Amino acid sequence: MGIRATKKRLLVSVAMGLGLALTVNAQAASKYPDIGPLPSVKINKAKAELGKRLFFDPRLSGDAAISCGTCHNPEKGYADGMALSAGYPGNKHFRNSPTVINAVHKNRWNWDGRLGTNLNDVTRGMLTEDYIMNMDMRIMQERAKQDPVYVKMFKDAGYGEPSNGSIRKAIPEYLKTLTSKNVPFDKGTMSASAKRGKSIFKGKAGCIQCHNGANFTDGKAYNTGVPENWDVFMDTDRHQAFLAYNQFMGVENYNNLKRDTGAHVHKHAADGSDMGTFLTPSLRELTHTAPYMHNGMIESLEDVVAFYNNGGGEDSNKDSRMKKLGLSSSEQSDLVAFLKSLSGDQLTGDKYVWSEEYPAEYEAIENWREVKN
Amino acid sequence: MKTQNKLSTAYVAGALVGAVSLAILSGCESTSAKDEGFKGSLNAVSKTAVAANASSTGFAPLAAIPANPPIPADNKQSDAKVELGKLLFFDPRLGGDASISCASCHDPSQGWAWAEDFSRGYPGTVHWRNSQSIMNSGHYPGSFWANSVTSLEAQAPSAAKGGVAGNGENDIMEARLALIPEYRKRFNEVFGDDFPRIKNAWRAIASFERTINQTDTPIDRYLNGDKSALSDSQKRGKEVFEGKGGCIQCHNGALASDMEMYNIGVPPATRWEEDGLAQITFRFELYAKGSNENLYRTAKADPGAYFRGKNKWDLGKFRTPSLRYTMYTAPYMHNGAFYTLDEVVDFYNKGGFDEDNRTTGWPKTKSDLIKPLGLSDDEKADLVAFIEAFSGDEILMDKPELPEYAPMFTLEELKEAKK
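Chains as they are written, first to last, in the numbering used here: chain A, 37 to 409; chain B, 1014 to 1432.
Honestly, the hints are just simulated from the structure, not real lab data. Any given hint could turn out to be false.
Incomplete in silico selection of chain A near chain B, CB under 10 Å [said to hold, decoys possible]:
1. Gly98
2. Phe278
3. Asn409
Please read all numbers here as calculations on a predicted model, not as lab measurements. Backbone N, C-alpha and C define an ideal beta-carbon position, used for all residues, glycine too.
Start from the sequences, fold in the hints, and give me the full structure.
Okay, structure coming up:
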């Protein structure tokens, strides 16, 4: 009944020629890859199990203080629940930690979309960036070789001896296990409100223009006018990471930046029109991953919808499609209900999380003089 | 026998400045012809110093150390630069996780070194070699145990960035400096930088290190004419040093080092057989320094100078260390194998074997200069006493108060910025 009612309303609206934006958006919806369930992924169990142990192992960071799981915490939807992520000891991060659930279904990663190849490269990037995990991968490899549990697991997984190359394969294999489970939207068990929200999503609100496909993202970067998080500049621990990153990425005059650069770091548009553009995030698992946006500036989904309803924030680079939507409060809550219907089970417990302890010290290899390195 | 023919240019050792010097280092027969080509220009400065002092005995005599080390033309000293370098030397923000500074492994209270066999290393790691004192390092023609860099300006970044040392990267270290107003001001005054440039940090640190010298040791006073500066035991030790002990063959000149590479037979660290963390670093270094598969798999000892030219005749060779300030820099040797000077002398007396008769892991390159010496207990004691004459009073330094971070912009400036 809910569906029918919504459809009817939509048809009536179109038929009556009311709301030009809505008409455009409704037509536009068909131009975009449709939303729907995610395809299934083949997983190599032994490799994924190895990747799971690696993902939660702090020995994969330079000073052995943090693991991937520190900022991609299972209890927080594989994000970290903070506006801006913790980062490596000695500094703090300048962006929100995005969930890695469904990362395997993306074709571009990081808020600014700087990595567009594969999860092997993403893994390498996160391990080695000096403000993230600051790992010399050659030390990482030798640490893995020093742990008999890894020696066996790498062998069982068909990788031979532990190597930095196979670490960067095993972690992505584990990430394949982190996909949405039991999602009302996928299972067809959405509430009536969520169903109405879906129509708004595809219609009047125009969300589908960017949040499309099975993972609700077109993999492109836009400026929606999200306000700056001044902590990036006022907290020197964050600002240093921001400066280092922009220097490394070749951004001009990085010391004088007073806004987040976004995709400009890899697009380098001469006119700066790509400044402050960020990748369309997936909308899956949002209930576990507040706060929202690249800098965590919006705390709730209600506020996110209100932000869009208001046409986004202020920015000279703001995408022209960001306009006031005129959603009623009930339409807004339907949209929120729909967004919430895109989240599934928490991926916690032994199936997803390595719960055995890691050795506190590295065991010495016995007969060191006699065995090959 | 090999001859050295080097141009004397910059360095003043003792009272002598040579133009062209010819020194005949008899007794260095073991050094192969191949070595000649490899050593290259790195040692030119110190060799000249040594050669300029060459005596009729064939070796450069020991010499008093000049008051100041040579100053490179492209990095002149100034008080402001030295002061900046001192701050940076002690500042842990020039490292990966901002927890350790140069001074962490070159601790003034540990002889400007680290008082364990291997240097402490970056958190989560341990180093694989002994931390060398920076005392008098401005006089050195190169740095690290294999002389792998040719200046202090090049040593600092190599240490600050190495995975088992500082593990920092240029971009984040430079960003940290930019966020410290006091550094912005000082880098501007000293180098004219709008924002601190990391390369200039290394230059300032090098300038500071050139001020860490010890010139008033008993040996300096003795060589400058005060014959009472050495005890009778030390005077006897000097004779052993220059005669029966043969130490002078390598430990000569103003630094008591010829700065050349030798394999003297130091046994591989036993720690590698017992300590998992050390085993990790050992393999990492083999890997990181570019070993072939065979060397990576089979090496059980530090290949030393081999990594510089990948020449097998350099396996297990390390630079002759200066004997200055050694009273404060135990343990000794590239891997800290010996904790006392007595052990060191015993090791030489046995022809390069330790008390368990262990020797180098690279026996083929062991220097022919290293032979059993047949020193009596008295001679050994005199020799140790003499080596102590290369150290004066301990030179300590308190960690300076470091300048603090401050935001680069005010909130108003940020909010007013046009978007």
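Problem set entry | Satisfaction of the phenylalanine 278 (chain A) interface hint, Cβ to chain B closer than 10 Å | Holds: closest Cβ of chain B sits about 8 Å from phenylalanine 278 (chain A), inside 10 Å.
Exercise. Does asparagine 409 (chain A) meet its interface restraint, that is, does its C-beta lie within less than 10 Å of any C-beta in chain B?
Worked result: holds, 5 Å
For this session: Closer than 10 Å between Cβ atoms is the bar; does glycine 98 (chain A) clear it against chain B? Give me holds or violated.
Result: It holds, given that the least Cβ distance between glycine 98 (chain A) and chain B is near 5 Å, below 10 Å.
Checked against the numbered hints listed earlier, the structure breaks none of them; every hint is satisfied.
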